[in-house]
Amino acid sequence: MQWSKFKDKDLVLSLAHGIKQKAKKFDRLRIMHVCGTHENAIARYALRDLLPNNIKLLAGPGCPVCVTSSKDIDAIINYGIKNDCTILTFGDMLRVKGSAYSLLSASKLGLYVKMVYGLDEAIYYAKQAKKDAIFFSVGFETTAAPVASIIKSVNLPENLSFFSVHKYTPNGVLELLKAGKLNIDALILPGHASIVSGLAPYEKVASSFNLPCVAAGFEPVDVLGAILMIINQLEDNICKVENEYERLLNYEGNKLAQKALNDIFDITDSIWRGLGIIKNSGFEFKKTYNYLNAKLKFNIPFSDSYTEEQKGCRCAEVILGTIEPPQCPMYAKICNPHNPVGPCMVSDEGTCRNWWEVKGDI
Amino acid sequence: MTFDKITMDHGSGGKLTLELIENIFKANAGLDSAILGDIAFTTDSHSITPLFFRGGDIGKLSVSGTMNDLLCVGAKPMYLSSAFIMEEGFLISDLKKIVQSMLSEAKSANVEIVCGDTKVIESNKGFYVNTSAIGKIIRPIDGSKIKEGDKIIATGNIGEHGFAILNERENLQLTSHLASDCAELTGLILPIIESDLEIHWMRDPTRGGLAMCLNELCYKRDFGVEVFEELVPISQEVLSISEMLGIEPYYSANEGKMVIVVPPKDASKILDLLHKHPLGKNASLIGEITKDHPQKVLLNLSYGTKRLLSMPIVEKMPRIC
Ligand code: SF4
Ligand code: SF4
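Here the protein sequences come in this chain order: A and B. Residue numbers for the first sequence follow UniProt numbering, beginning at 1 and rising by one. Residue numbers for the second sequence follow UniProt numbering, beginning at 1 and rising by one.
Simulated from the structure, these hints should not be mistaken for lab results. From the three backbone atoms N, C-alpha and C, an ideal C-beta is built for every residue, glycine too. The reader is advised that the hints may include incorrect statements.
Which chain A residues stay away from chain B? Per the calculated CB distances, all over 10 Å, these [to be verified]:
#1 K22
#2 R44
#3 A100
#4 K178
#5 K279
#6 H338
Going by beta-carbon spacing under 8 Å, a handful of chain B positions derived as facing chain A [unchecked claim]:
#7 L16
#8 G246
#9 S302
#10 R307
Let the sequences and hints guide you as you build the complete structure.
In structure tokens:
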């Protein structure tokens with residue numbers, strides 16, 4: 001089979017060799033990426049096996065499904081059942097448990113959910129449905145931006161509203177660092193999300209926390225290339241934001257997408273699953289769009305008493321890179337992709353799921 | 001795993017389908033067709049959205065799938081029955097098209113359609129086709145002779161049907177060239193069955209894709225499977241749609257491919273035979289049987305690293321972002 005040049009074997013092996021040579025100078029390097037698609041590539045190509053033992057490649061809070069709070073899931077389930085409206089959302093979101101039920105399992109309580117591949121399809125369903133429909137709008141800036149521009153450009157059916165749990169990566173990372181929750185030496189920045197946000201928002205991360213930051217694409221050459229760039233920075237004792245993903249990403253980001261986001265959303269505090277409320281890390285509808293905001297339009301009640309995680313699930317630690325999935329006692333024993341106890345086992349971008357699929361029950 | 005209700009995943013051809021067959025139907029999930037003395041018998045029901053897709057339609061699919069199931073156990077397809085369950089309001093012109101492609105597929109397999117049945121149900125309840133068929137066993141192939149060191153052959157590029165359907169069904173418009181590989185394989189496989197070359201196992205990697213098929217190959221057996229990424233034939237089209245969706249081609253369905261396990265001595269001769277037929281031009285030796293890790297399918301990546309090709313449990317979803 002013929003792979004793209006970003007999968008090229010010789011290039012990958014020479015990058016791996018370069019990393020091994022240079023890494024000898026360091027006792028231990030903890031490099032974190034914050035993108036589920038990175039974890040997917042790393043697991044799929046078993047890239048960790050190409051790294052020397054003193055380099056730890058950690059998966060951070062990079063999967064939009066994993067960081068969606070159970071409080072938000074509970075709220076939408078309760079609302080949907082009480083008011084008999086249709087909940088539309090992505091497939092992965094259906095299986096994540098709130099404090100008791102996932103959207104999917106809540107269907108036995110009478111919740112009507114419909115899986116969609118995107119907002120376009122949600123609009124299509126809402127048009128056909130007679131009752132109210134709520135789009136459970138999940139994802140980082142990568143998904144928030146297209147949602148914003150669709151909202152700006154099409155006539156939405158009156159019965160469709162949005163429950164935004166969108167999150168903003170740069171601020172999420174920044175706040176976690178401020179709170180001292182991340183014990184890391186460098187960051188690999190998410191290529192896709194950065195195409196929207198640009199790299200400027202990460203300058204503070206690099207300078208205030210002395211972290212080399214390299215934005216990377218999702219092929220093996222990208223990931224290893226980024227690691228090498230990080231090691232080079234550390235070697236030269238500099239900490240700056242660099243771009244490995246120049247073929248698609250520019251420093252400014254996508255101005256149109258940023259404008260769409262700014263037009264529709266305000267940046268607000270947001271709950272991240274297992275991590276609590278993170279300041280300025282979410283996208284919420286601007287006042288002018290209150291009529292689209294399901295939380296206000298329907299006055300969706302949030303319960304104060306909720307358990308953030310399933311008992312015994314250690315997703316929060318997985319998300320923060322403090323443990324690897326097999327260190328969770330449930331991993332592969334009770335928790336697997338069909339019976340995900342925690343969110344990290346649900347989505348293809350989830351860390352536990354990625355480990356399980358390519359390593360099994362080791 | 002225990003469930004109180006059927007979920008879509010029970011029908012996705014992955015681990016849950018297998019468990020359903022074993023635990024509820026108490027049937028042997030091992031073979032695609034029953035071997036009854038010197039005849040083979042199989043049945044299959046088909047529901048697919050859309051009914052017409054690039055590369056085929058439900059009619060072609062229903063005949064080819066059933067023919068391929070017979071070939072798997074070493075039989076020459078002979079006679080086919082068909083049954084239709086149709087919703088009220090279904091267009092006669094569409095039905096004609098479907099029947100026409102069933103006929104032409106049957107003709108190409110040299111198979112006679114000998115009986116049928118129709119039922120009409122309420123509107124908006126869908127359109128389904130069942131096909132059953134019998135064939136004459138040329139020589140039974142039941143997997144009992146599989147040995148360590150046996151070679152595994154895939155008869156062509158993998159993943160095309162699943163991605164073509166996803167692309168059309170969800171209107172993803174990701175690629176315009178990708179078509180389903182839906183095809184009956186009598187012309188390709190029968191000469192091999194009729195030859196004196198040894199064949200230890202055959203299976204068409206449909207739902208669940210190549211990954212499921214290989215996992216079934218070593219399911220509850222005392223051997224495992226090694227596959228080499230660089231040897232698995234995959235088209236550029238499939239590679240690029242796979243990248244865009246974040247789903248690997250190994251998990252995408254095929255409807256015109258066969259996975260064949262053969263002893264090393266006959267592997268290259270079988271490959272030669274396959275290469276002679278247009279449907280087998282991309283046939284490739286993709287891996288082998290090993291005793292090293294029973295019941296597991298390992299994928300050897302081109303970088304020298306290894307990983308599991310796990311049995312799919314839930315249907316793969318395109319990533320959110
Ligand atoms: S939004 Fe994009 S950058 Fe973020 S996790 Fe998903 S793929 Fe990665
Ligand atoms: S294995 Fe399951 S329970 Fe444990 S951390 Fe991962 S998702 Fe949570």
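Evaluation of the provided hints:
no.: 1; hint: K22; verdict: holds, 19 Å
no.: 2; hint: R44; verdict: violated, 7 Å
no.: 3; hint: A100; verdict: holds, 16 Å
no.: 4; hint: K178; verdict: holds, 25 Å
no.: 5; hint: K279; verdict: holds, 23 Å
no.: 6; hint: H338; verdict: violated, 5 Å
no.: 7; hint: L16; verdict: holds, 7 Å
no.: 8; hint: G246; verdict: holds, 6 Å
no.: 9; hint: S302; verdict: holds, 5 Å
no.: 10; hint: R307; verdict: holds, 4 Å
The earlier numbered hints that this structure contradicts are 2 and 6.
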